[in-house]
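Whole structure, please, built from the sequences with the hints as guidance.
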Amino acid sequence: MIPTDFSYWRPETAEEAVAVHQQLADDGQHPVYYAGGTEVVTRTRLGQLTPGAVIDVKAIPEARRLGRDGGRWHVGAALSLADLIHDGSWPLLARVAERVADHTTRSHITLGGNLAGTIAYREAALPFWLADADVATVGPHGRRTARFHDRFDGTLALDPGELVVSLSVPDGVRQQPSYAQKATRLDYVDYPLVTIAALRGAEGQVHVALSGLKPEPFRSAALDAALIGSGSSADRAERAARHLPVTLVQDLHGTGDYRRFVAQTVLADALTALEGH
Amino acid sequence: MHAVGQSVARKEAPNKVTGRARYNGDATPVGTLTAVIVPSRHAHARLRQVDVAPARRMPGVVAVLTGQDADLLCGEVLEDRPPLARGTVRYHGEPVALVIAHGEAEARAAARRVAIDCAPLPLVASVEAAVAPDAPLIHPELGAYKRAQPPVVPKPRTNIADHAKIRRGDPAEGWAASDVTVSGHYTVPQVDHAAMETRSARVEILHDGRVIVQSTTQAPFEVQKLLAQSFHLQQGQVIVDVPLVGGAFGGKAAVQLEVLAYLASRAVNGRPVQLVNSREEDMATSPVGMGLVADVKLGATRDGLLQVAELTFLLDTGAYTDSTPRVARAICSECTGPYRVENVRCDAYTVYTNHTYATAFRGFGHFPLTFAIERTMDRLAATLGMDPVELRRKNLIGPGDRTPTRMMLTRSTLGDPRTCLDRAAALLAGPPVQPTGPHTVRARGLALFWKTSSSPPNAISGALVSFNQDGSVNLSTGTVEVGAGTKTTSAQILAEQLGIDVDQVHIHTHINTKVDPEHWKTVASMSTFMAGRAVMEAAEDAKAQLKSVAAIALKCAPGDLSVGQGRVFLTADPNVSVTVSDVAHGYSYPGGDAVGGQIIGRGSYIMRHLTLLDEETGEGHPGPSFTVGAQGVEIDLDTRTWQYRVVRALTVVDAGRAINPAGARAMLQGGMCMGIGLATREGVLYDRDGQRLNNQLRTYKVMRAGEQPDAYVVELVETPQIDAPFGARALGEHGLLAMPAAVAAAVSHAIGRPVDHLPITPESLWQLSRSAEAAR
Ligand SMILES: Cc1cc2nc3c(=O)[nH]c(=O)nc-3n(C[C@H](O)[C@H](O)[C@H](O)COP(=O)(O)OP(=O)(O)OC[C@H]3O[C@@H](n4cnc5c(N)ncnc54)[C@H](O)[C@@H]3O)c2cc1C
Numbered sequence: 001m002i003p004t005d006f007s008y009w010r011p012e013t014a015e016e017a018v019a020v021h022q023q024l025a026d027d028g029q030h031p032v033y034y035a036g037g038t039e040v041v042t043r044t045r046l047g048q049l050t051p052g053a054v055i056d057v058k059a060i061p062e063a064r065r066l067g068r069d070g071g072r073w074h075v076g077a078a079l080s081l082a083d084l085i086h087d088g089s090w091p092l093l094a095r096v097a098e099r100v101a102d103h104t105t106r107s108h109i110t111l112g113g114n115l116a117g118t119i120a121y122r123e124a125a126l127p128f129w130l131a132d133a134d135v136a137t138v139g140p141h142g143r144r145t146a147r148f149h150d151r152f153d154g155t156l157a158l159d160p161g162e163l164v165v166s167l168s169v170p171d172g173v174r175q176q177p178s179y180a181q182k183a184t185r186l187d188y189v190d191y192p193l194v195t196i197a198a199l200r201g202a203e204g205q206v207h208v209a210l211s212g213l214k215p216e217p218f219r220s221a222a223l224d225a226a227l228i229g230s231g232s233s234a235d236r237a238e239r240a241a242r243h244l245p246v247t248l249v250q251d252l253h254g255t256g257d258y259r260r261f262v263a264q265t266v267l268a269d270a271l272t273a274l275e276g277h
Numbered sequence: 001m002h003a004v005g006q007s008v009a010r011k012e013a014p015n016k017v018t019g020r021a022r023y024n025g026d027a028t029p030v031g032t033l034t035a036v037i038v039p040s041r042h043a044h045a046r047l048r049q050v051d052v053a054p055a056r057r058m059p060g061v062v063a064v065l066t067g068q069d070a071d072l073l074c075g076e077v078l079e080d081r082p083p084l085a086r087g088t089v090r091y092h093g094e095p096v097a098l099v100i101a102h103g104e105a106e107a108r109a110a111a112r113r114v115a116i117d118c119a120p121l122p123l124v125a126s127v128e129a130a131v132a133p134d135a136p137l138i139h140p141e142l143g144a145y146k147r148a149q150p151p152v153v154p155k156p157r158t159n160i161a162d163h164a165k166i167r168r169g170d171p172a173e174g175w176a177a178s179d180v181t182v183s184g185h186y187t188v189p190q191v192d193h194a195a196m197e198t199r200s201a202r203v204e205i206l207h208d209g210r211v212i213v214q215s216t217t218q219a220p221f222e223v224q225k226l227l228a229q230s231f232h233l234q235q236g237q238v239i240v241d242v243p244l245v246g247g248a249f250g251g252k253a254a255v256q257l258e259v260l261a262y263l264a265s266r267a268v269n270g271r272p273v274q275l276v277n278s279r280e281e282d283m284a285t286s287p288v289g290m291g292l293v294a295d296v297k298l299g300a301t302r303d304g305l306l307q308v309a310e311l312t313f314l315l316d317t318g319a320y321t322d323s324t325p326r327v328a329r330a331i332c333s334e335c336t337g338p339y340r341v342e343n344v345r346c347d348a349y350t351v352y353t354n355h356t357y358a359t360a361f362r363g364f365g366h367f368p369l370t371f372a373i374e375r376t377m378d379r380l381a382a383t384l385g386m387d388p389v390e391l392r393r394k395n396l397i398g399p400g401d402r403t404p405t406r407m408m409l410t411r412s413t414l415g416d417p418r419t420c421l422d423r424a425a426a427l428l429a430g431p432p433v434q435p436t437g438p439h440t441v442r443a444r445g446l447a448l449f450w451k452t453s454s455s456p457p458n459a460i461s462g463a464l465v466s467f468n469q470d471g472s473v474n475l476s477t478g479t480v481e482v483g484a485g486t487k488t489t490s491a492q493i494l495a496e497q498l499g500i501d502v503d504q505v506h507i508h509t510h511i512n513t514k515v516d517p518e519h520w521k522t523v524a525s526m527s528t529f530m531a532g533r534a535v536m537e538a539a540e541d542a543k544a545q546l547k548s549v550a551a552i553a554l555k556c557a558p559g560d561l562s563v564g565q566g567r568v569f570l571t572a573d574p575n576v577s578v579t580v581s582d583v584a585h586g587y588s589y590p591g592g593d594a595v596g597g598q599i600i601g602r603g604s605y606i607m608r609h610l611t612l613l614d615e616e617t618g619e620g621h622p623g624p625s626f627t628v629g630a631q632g633v634e635i636d637l638d639t640r641t642w643q644y645r646v647v648r649a650l651t652v653v654d655a656g657r658a659i660n661p662a663g664a665r666a667m668l669q670g671g672m673c674m675g676i677g678l679a680t681r682e683g684v685l686y687d688r689d690g691q692r693l694n695n696q697l698r699t700y701k702v703m704r705a706g707e708q709p710d711a712y713v714v715e716l717v718e719t720p721q722i723d724a725p726f727g728a729r730a731l732g733e734h735g736l737l738a739m740p741a742a743v744a745a746a747v748s749h750a751i752g753r754p755v756d757h758l759p760i761t762p763e764s765l766w767q768l769s770r771s772a773e774a775a776r
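For the record, the sequence lines run as chains A and B. FYI, in the numbering used here the residues of the first sequence are 1 to 277. FYI, in the numbering used here the residues of the second sequence are 1 to 776.
If you're looking for bench data, these hints aren't it; they were derived computationally from the structure. Because the structure is a prediction, the values reported are computed rather than measured. By construction, the Cβ of each residue, glycine as well, lies at the ideal position given by its N, Cα and C atoms. What you were told as hints is all true, and nothing was included just to trick you.
Cβ-Cβ distance ranges computed for the label pairs, FRET-style:
hint	chain 1	residue 1	chain 2	residue 2	range
1	A	L46	B	Q49	20 to 28 Å
2	B	H102	A	L46	21 to 29 Å
3	B	D51	A	G28	22 to 30 Å
4	B	H207	A	D26	49 to 57 Å
5	B	R147	A	M1	39 to 47 Å
6	B	R22	A	D26	44 to 52 Å
7	A	S89	B	D117	57 to 65 Å
8	B	L427	A	Q205	45 to 53 Å
9	A	G67	B	Q434	47 to 55 Å
10	B	D179	A	H243	50 to 58 Å
11	A	T13	B	Q49	48 to 56 Å
12	B	P140	A	L46	29 to 37 Å
13	A	M1	B	V30	15 to 23 Å
14	A	S220	B	H102	53 to 61 Å
From the structure, some residues in chain A lie toward chain B, with a derived Cβ separation under 10 Å:
hint	residue
15	T4
16	R45
17	L46
18	D102
19	A183
20	L193
21	V262
22	V266
The structure is reproduced here in structure tokens:
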């Protein structure tokens with residue numbers, strides 16, 4: 001149970017949410033945005049977080065939008081992963097989302113929470129990182145739309161109190177050939193040893209983003225470059241694996257060495273799946 | 001009409017599946033205070049100071065207790081455990097203080113304010129480290145501890161809390177007669193019971209002296225005795241009440257929270273106090289299942305006949321012994337597996353470490369034991385170039401043979417291991433390993449198990465039968481319904497004996513020590529046997545009484561009468577009869593005057609001819625009979641990634657007689673599922689400082705619904721155990737016993753290398769393949 005009291009806020013616009021956040025922060029309330037709540041609740045129960053106030057962002061209409069507009073596909077940050085799987089119109093996103101947590105938890109975890117949370121696997125970020133995505137936020141300094149690339153390097157660089165409202169990708173990205181795979185210690189439902197998302201571009205080159213290797217997601221232009229060229233999938237995966245981070249996460253799910261082995265395997269699988277050889 | 005042998009739904013099932021069943025922690029009576037444990041953050045440290053003053057000042061707090069307030073030591077076998085740490089903490093999660101407040105929120109908030117100042121002591125992180133020369137001592141006072149339930153043989157000034165032995169025959173002779181010897185080293189981690197319902201206890205001390213305990217225990221009568229003993233009460237003052245229990249697996253046989261809740265209630269003038277474990281507390285503060293390190297050496301002739309077995313087991317009991325010395329003796333009793341071996345030397349050491357303390361776990365030591373012995377049998381088969389099934393068949397123990405404790409076996413006490421093995425081998429037909437794709441293989445593995453109860457020689461059970469005015473029957477036994485269906489089995493036995501429908505038998509789902517007859521503990525798969533025997537006797541007793549009243553009504557001798565289908569009738573002419581309801585509460589003559597009275601059937605059972613094991617040789621009689629069986633699995637394994645999956649699991653077991661066939665199958669299937677979990681993923685983990693790493697279900701992985709094999713196969717062999725109710729053998733624990741060994745056998749075939757350590761994760765296989773490559 002959560003042994004401390006906190007106040008609950010449910011603003012109806014992003015601006016209101018940010019204003020409430022600022023006010024509560026100024027009052028020393030240590031507010032947090034509350035989306036799916038899975039992380040806020042579980043961390044608070046264990047005493048790792050002690051918010052004096054939670055600001056529920058699920059009543060903000062634009063954070064729940066889903067659909068095409070101006071050649072781009074927009075997805076609200078307060079939609080649950082289960083919503084995105086159910087929608088299914090971007091297969092790569094649906095496939096990645098489907099392996100996050102378990103069914104019950106996926107019905108709560110939101111896209112924004114997955115990107116901005118403390119638990120750093122952020123698997124739902126991988127597809128956006130590969131696409132030419134934009135991220136729309138509202139912060140103390142107002143509204144802002146930026147390239148996802150510029151604000152995400154495994155961690156989303158948010159100002160204090162800044163709220164993610166939605167993300168968008170070019171509409172056509174959703175039809176591009178893609179591949180996703182999650183490798184775990186053994187269980188179907190678990191944190192990743194390695195999760196790979198791969199997208200094949202117009203010229204046939206494959207781009208990949210990986211979660212589980214470092215505390216937060218990982219991408220590397222050099223690694224992507226090494227995937228191009230001649231040789232079998234396995235040979236190119238081996239070359240590309242040289243561009244993985246030098247030290248990999250080592251924890252109860254697996255050692256760093258094993259993660260490197262698994263990463264190389266999934267890289268080869270991705271190439272085989274997207275190129276057929 | 002037969003009730004025995006029918007697959008009837010469990011009596012409590014409708015309430016469970018609709019969410020109406022009530023468990024202990026479900027409701028908090030008004031006025032109940034909440035206690036919360038403040039756990040140690042260190043695995044081994046000297047307590048310098050526990051400052052509770054800031055917690056006492058928190059709102060809603062009524063009292064805060066520390067080890068200073070609890071001057072007693074607990075322990076089922078050896079009294080080595082203070083309920084609240086005193087002077088030293090010995091595992092991460094050990095209770096250091098207890099905060100009692102009006103509500104859980106206040107208690108938890110205050111618990112965070114208790115300041116524990118301690119000086120770290122050197123950590124004992126494994127059983128191997130614990131038995132090394134000059135290892136830091138976890139219990140310097142070991143020699144002074146009271147032995148509550150001998151036999152237990154502590155080695156003072158070491159970390160060895162107990163040494164149990166088997167000395168049978170002459171190993172030297174066995175080695176001389178052996179053409180081949182094989183040996184293996186095996187490890188099994190501590191594991192968690194992971195019952196769906198976490199442990200909880202509520203205690204109220206009334207002003208008339210009664211102590212009301214409500215808890216999730218499997219051993220209400222043990223709780224009653226222990227509380228009475230520890231706090232100098234009359235046993236009758238202590239009333240233990242247990243509702244349905246949401247899974248136990250041995251973890252709820254340990255008495256822990258009840259003592260803490262008693263201390264808490266005593267500190268607040270007897271007000272009711274409840275203690276409900278969070279999942280984290282249930283995993284790290286309450287006891288787990290022991291870990292094991294085994295060294296097994298077998299000698300055999302060239303044609304595969306076993307000559308000798310030498311076995312050493314180090315049992316990781318963690319910080320305290322609880323029931324582990326008893327587990328050690330259970331392991332000794334069956335240390336050879338179900339094989340004929342004349343020369344046996346076995347040493348089982350209960351070893352202290354700075355791990356969470358251990359208690360009974362489903363199978364009472366037999367799943368790790370079976371893993372060690374069956375892996376070694378496979379090694380022997382490989383060394384001899386013999387089919388593993390053939391090697392087992394050759395050495396199977398049988399009637400006329402003696403067990404390691406020199407118990408002479410009969411067909412009734414042993415059952416039929418040969419048919420179990422042959423049927424399992426037939427069901428598992430196929431090569432040990434075969435390719436199914438460019439880098440995938442299907443592999444098979446088989447293993448045998450046997451087990452007896454290893455229960456106290458004087459374990460007892462009882463049953464009471466009373467009648468309602470309409471002739472339906474009430475049955476009271478002392479077993480706890482932990483999900484095994486024991487109450488329904490007892491009802492079936494009673495219905496069969498009285499010749500009535502199971503629906504006419506009404507059971508108590510709660511156990512209350514004040515009104516229900518004592519049953520030793522709901523453990524060791526002994527409920528059907530012991531409570532069943534008591535129920536049969538109670539039925540006979542009730543029938544005799546019914547006949548003696550009916551004899552008056554029918555003007556005949558009681559011996560002329562039979563009971564069945566709600567009637568007492570003349571055996572020679574069933575048309576001459578009275579109904580049970582006519583006589584169960586006195587028989588009334590037409591004029592209104594009456595004879596007889598209320599009929600209450602009583603029955604009891606005490607174990608017969610069991611003996612404690614001799615300290616030097618292990619000789620003794622550990623249980624009434626054995627259950628033997630064979631288990632097998634098929635796995636699909638990817639030789640490139642080492643990922644694998646159990647696709648089919650099977651058990652052939654000698655059930656004696658299945659009283660509730662569907663119930664028996666479900667029980668065995670559940671056991672197989674648990675066994676696959678133990679084989680493939682489960683294991684308690686600590687970091688370098690002895691901190692518990694996986695104290696949540698997010699990180700301590702158990703099998704999920706979606707990870708089940710495609711098929712579970714259960715086949716029952718029925719060789720009656722003559723002295724058991726309808727011949728039924730124990731089945732409760734057995735589904736899991738050989739599963740880890742069978743999975744290991746299959747994986748070993750798949751990768752071409754022996755797999756000797758649990759759990760078998762893909763990474764562990766990758767590491768094995770790497771070390772093999774490096775050695776090349
Ligand atoms: C049981 C379980 C299993 C999990 N398994 C996985 C897994 O397999 N893979 C994986 O990648 N992750 C996994 N996670 C992590 C999960 O994705 C993150 O914890 C995520 O933060 C939860 O999303 P939420 O919507 O519930 O967040 P909340 O609990 O509501 O919030 C979490 C944090 O994100 C912030 N936040 C939420 N929304 C926004 C927003 N729109 N703008 C700015 N900040 C915001 C909150 O302020 C808070 O700090 C798991 C979590 C749980 C509880």
